[in-house]
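Novice: Protein chains in written order, with this note's numbering: chain A, 33 to 287; chain B, 145 to 466.
One or more of the hints may lead you astray.
Claimed, not checked - Which chain A residues stay away from chain B? Per the calculated CB distances, all over 10 Å, these:
(1) Glu-34
(2) Leu-220
(3) Val-251
As the list claims (entries may be wrong) - Here are the simulated DSSO-like pairs of lysine-lysine, each with C-alpha atoms no more than 30 Å apart in a straight line:
(4) Lys-283(A) x Lys-392(B)
(5) Lys-437(B) x Lys-281(A)
(6) Lys-283(A) x Lys-252(B)
(7) Lys-281(A) x Lys-252(B)
(8) Lys-252(B) x Lys-287(A)
(9) Lys-287(A) x Lys-388(B)
(10) Lys-281(A) x Lys-305(B)
(11) Lys-281(A) x Lys-424(B)
(12) Lys-283(A) x Lys-465(B)
(13) Lys-180(A) x Lys-388(B)
(14) Lys-283(A) x Lys-434(B)
(15) Lys-465(B) x Lys-404(B)
(16) Lys-287(A) x Lys-392(B)
(17) Lys-287(A) x Lys-404(B)
(18) Lys-180(A) x Lys-392(B)
(19) Lys-281(A) x Lys-465(B)
(20) Lys-406(B) x Lys-361(B)
FYI, nobody ran anything at the bench for these hints, they're computed from the structure. Just so we're clear, the structure is a prediction, and the values are computed from it rather than from any experiment. Glycine included, each C-beta is placed from N, C-alpha and C at the ideal position.
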Amino acid sequence: MEILVCVKRVPDAAENEIVVEGGALRADDLVYSVNEWDNYAVEEAIQIVEREGGSVTVVTVGDGDSEEVLRREMAMGANQGLLLSDPAFAGADGLGLATILAAAVRKGTYDLVLTGALADDGAAQVGGMLAALLDWPFASLVNSIEVKGGLLRVGREIEGGTQEVSEIDLPCVLSIQTGINEPRYVGLRGIRKVASVELPVLDAAALGVAPPPARVRRVDYFVPPAGAGADMLTGTTAELAGQLVGLLKAKGGLK
Amino acid sequence: MDNVFAFLAHAGGRLDDSALELLGAARALFPGAAPIALAAGSGASLDAACQEAAASFAEVWKFDQEALAYPNAELLRPLLARVLPPGAIVLLPHSTLGMDLGPGLSVKLGAAYLPDVVDGAAAAGTTLEAVRQEFGGQVSSHVACDLSAGAVVTLRSGAFKADASRSAAGRVVDRSAEAAGLTARRRFLERVQAEAGDIDITREEVLVSVGRGIGDKENIALVEELAEAMGAALCCSRPIVDAKWLEKPRQVGTSGQTVKPKVYLALGISGSFQHLGGIKGNPFLVAVNKNPKAPIFQAASVGIVADLLELVPELTERIRKG
Ligand SMILES: Cc1cc2nc3c(=O)[nH]c(=O)nc-3n(C[C@H](O)[C@H](O)[C@H](O)COP(=O)(O)OP(=O)(O)OC[C@H]3O[C@@H](n4cnc5c(N)ncnc54)[C@H](O)[C@@H]3O)c2cc1C
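Could you build all of it, start to finish, from the sequences and the hints given here?
Specialist: This is the structure we're talking about:
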């Protein structure tokens, strides 16, 4: 099975506080990493190839800095990386990204394309749009995949912990939900091993594509005004614990 | 404006709560529009849902086909692309179905895609200005959506007030024939219910809930001890289950359990809407988070900015001492 996995370099919201200044994110505060959902997609692709044979290619749309996420996923076990980079790609919206990725898919011979279900700074849209552009079937929020002959048996996670099971024809696009597997640990050794591998870069001319003008545009970032808000307790750790025990007692939180 | 449509989710002959929220949103964002409801399904259950919808929408388009008995986005997408007029504005719930259907539908319609809207102002001309959230709710953004070629908009559950006026004596228009002959390359097989665990957190009055802020598997013992000292049940956010540090039946949220406790102690949880969506009944919510700007403090009754790894052992000890 030839699998293409779309990955993205995003500001890591779990690791750093996102600060808004004058309607924009304060850039020098941001620490970047691979979008959380994408690691699950790459792990799943690697596991499928370990069972079924084939190869895993990771692809991203971005500038030179995005190389680091491709290398990280290759250190994890992806066989190839592919960087789609062109000044004309800057500012592409979801449809723009999907258009660029679709051009890359058409350049290869893939049986399966995986994306993360969502990106921290995204909108859970690229996978579904990519499938529609390619006219391939799609399933979102996939949390199990079984290869069965020429098709896949996939589970989608729907509300309330219920799983929806379907069969889907190949080739197809799936967006992967967290928890489908345990992404393997990437050690320094692995990173070093792929540090000097050449990464092919395709630009707009090589892909033969120009992303359409964005129809959804971010005007600004803002921090929502605090609502009713919480009563904030202050003090030393001991004082905080003391106050909290009192409150929990009063509210029936201690038995 | 007569090109605003609301896609109605329904099951067992009843409309989903999202249906009247879409109507409320349509009225707020597109004043003067006469939103048309779209209902797909099969048989008596669909008929009942259409009847209910007709009390609220002036017009309900009914698509009755055996194949649509289960809401499969791979069938609904070509159906909607077939029946909607150019320039249509389609409102969908930002549910797992909306997320499955919406992005590709916007491509098929040649329309803009505006997902997971939490607020917005009435559309001005061909621009809709809406509010979205990013980074798990840490920051919001204003986005401008160009409506000139239509749009697919998904709305977050609870963001818009349901229009419960039931002021329409609407008509149901049977357009089932247009839904004939749909085939999909993804075929629904079955639904599997979440496995029941040895604990039912939905019945507990006091919950200690732990999130990714716990940092390490070894630290789970700290919150277990606290829960035990409090006589509370231990539950968690999704990453804790993904990492297999606790079992799935302990996950609170839209893709986990819905709980209705009296007291909810949230430790190292950022407060994403998918997590908060599982907490009902307005409990006394205490949030402990080291980030003073964590969105959970917007929802909490009492907030503490602290490192939970320091506070929790201290708290456990105090409770044990009585
Ligand atoms: C379709 C879908 C369904 C989902 N369903 C669910 C669901 O049912 N339930 C759910 O929970 N999530 C769900 N999610 C995931 C959700 O979007 C969030 O990713 C998740 O809730 C985040 O969990 P968290 O708050 O534990 O982690 P994070 O967002 O990473 O937050 C960790 C917090 O801990 C704080 N922290 C770190 N260290 C410490 C410390 N030492 N002391 C104190 N605080 C600390 C940080 O400041 C941060 O605020 C779903 C997502 C999708 C796309």
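Novice: Against each hint, give a clear statement of whether it holds in the structure.
Specialist: Outcome of the hint check:
| no. | hint | in the structure |
| --- | --- | --- |
| 1 | Glu-34 | holds (19 Å) |
| 2 | Leu-220 | holds (20 Å) |
| 3 | Val-251 | violated (4 Å) |
| 4 | Lys-283(A) x Lys-392(B) | holds (28 Å) |
| 5 | Lys-437(B) x Lys-281(A) | holds (27 Å) |
| 6 | Lys-283(A) x Lys-252(B) | violated (53 Å) |
| 7 | Lys-281(A) x Lys-252(B) | violated (57 Å) |
| 8 | Lys-252(B) x Lys-287(A) | violated (57 Å) |
| 9 | Lys-287(A) x Lys-388(B) | holds (29 Å) |
| 10 | Lys-281(A) x Lys-305(B) | violated (35 Å) |
| 11 | Lys-281(A) x Lys-424(B) | holds (21 Å) |
| 12 | Lys-283(A) x Lys-465(B) | holds (19 Å) |
| 13 | Lys-180(A) x Lys-388(B) | holds (27 Å) |
| 14 | Lys-283(A) x Lys-434(B) | holds (24 Å) |
| 15 | Lys-465(B) x Lys-404(B) | holds (29 Å) |
| 16 | Lys-287(A) x Lys-392(B) | holds (25 Å) |
| 17 | Lys-287(A) x Lys-404(B) | holds (17 Å) |
| 18 | Lys-180(A) x Lys-392(B) | holds (27 Å) |
| 19 | Lys-281(A) x Lys-465(B) | holds (14 Å) |
| 20 | Lys-406(B) x Lys-361(B) | holds (28 Å) |
Comparing the model with each numbered hint stated earlier shows that hints 3, 6, 7, 8, 10 do not hold.
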